[in-house]
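Q: Sequence:
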Amino acid sequence: MKAGRKQERRLQHQDLSRAQLLDAAEEVFGRRGFHDATLKEVAERAEFSVGSVYSFFANKDDVFLHVFLRRGGAFLAGMGAAAATQDPAVQRLRDLVAFEVGFFRAHPHFGRLYLRTSSAGSPLPAGGVDGAYAGGLERAMAVHASVFAAGQAERALRSGDPDVLARILSGIVTAYLAVDPAVIGEDDASADRMSLEELQDFVTEAFRA
360 MKAGRKQERR LQHQDLSRAQ LLDAAEEVFG RRGFHDATLK EVAERAEFSV GSVYSFFANK
420 DDVFLHVFLR RGGAFLAGMG AAAATQDPAV QRLRDLVAFE VGFFRAHPHF GRLYLRTSSA
480 GSPLPAGGVD GAYAGGLERA MAVHASVFAA GQAERALRSG DPDVLARILS GIVTAYLAVD
540 PAVIGEDDAS ADRMSLEELQ DFVTEAFRA
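The opening position of the sequence shown corresponds to residue 360 in our numbering, with each subsequent residue numbered one higher.
No lab work stands behind these hints, which were simulated from the structure alone.
Fair warning: this is a prediction, and the values are worked out from it, not measured in the lab.
Possibly wrong hints are sitting among the right ones.
Below, simulated EDC-like cross-link-like pairs (lysine to aspartate or glutamate); rule was C-alpha separation at most 16 Å, straight line [to be verified]:
no., residue 1, residue 2
1, K419, E513
2, K419, D446
3, K399, D382
4, K419, E403
5, K419, D395
6, K399, D421
7, K419, E400
8, K419, D382
Construct the complete structure from the given sequences, taking the supplied hints into account.
A: Now the structure itself:
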C-alpha cells in the first residue's frame, strides 16, 4: 500500500514538472519565437536544469510539438462544442468567433506562438510538428465549414464553398488576434481597436445571406 502511494506521488510530481516545462516553453517560444529560443531559456524560466528537460522531451522540436498538442487539443475541443449546439447557424458563427478570441486571450503566450507559426515564411520545427499542425488546421477548418454548410441549409449564411468560407473566416480572426492587445501584450488600453462584439458583428454581416 505504501509503495503504491509513493508511486502515485512520484507520477503526480512528474506530471506537474512536465506541465511546468510546457508552460515555460509556451511563454519563451511565444516571446522569442521557436527558432530564436533555446532550451536553456526554457529550463531557466521553469527553474529546472537543462538536463531535466531531456528527461521529459527528446529535444526542442519535441517540446514544441507537445506545447502545440496540449493547447491545440483543448482549442479544437472548444471549437467543436461551440459549433455543436442547437442554436441557429448565425449564432454558432458568432459563438465560434467569441470562443476562438477568448481562448487566445486566456492563453496569450500560445496566441503569440500561434501568430508566429501561422505567419507567411515561418518554417515549422521538425519532428512531426508539420503533420500535427496541418492536421489540427484541417480539423479547425472542418468545424468552420460545418457551420457554413448548416447556415446555407438554413438560408441564413451566404452561398459559396464552405471550405473556402472557412479559410476566409480563419483569416479574419487571425488578423484580429494580431492586433488584439490582450493577445500581443500591448499595454495601451486606450488604443482604438475593434471590440470582440464589433468583430462578431463584422463577421455576421460579411457572411449573412
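Q: The structure should be examined with respect to each hint, and the outcome stated for every one.
A: These are the hints, each one checked on the structure:
1. K419 with E513: It is violated: about 47 Å lies between the C-alpha atoms, which goes past 16 Å.
2. K419 with D446: Violated - the C-alpha atoms of D446 and K419 are around 43 Å apart, more than 16 Å.
3. K399 with D382: Since the Cα atoms of K399 and D382 sit roughly 14 Å apart, the hinted pair holds (cutoff 16 Å).
4. K419 with E403: Holds, because 14 Å separates the two Cα atoms, which is no more than 16 Å.
5. K419 with D395: Holds: K419 and D395 sit about 11 Å apart, inside 16 Å.
6. K399 with D421: holds (15 Å)
7. K419 with E400: holds (11 Å)
8. K419 with D382: Holds: K419 and D382 sit about 14 Å apart, inside 16 Å.
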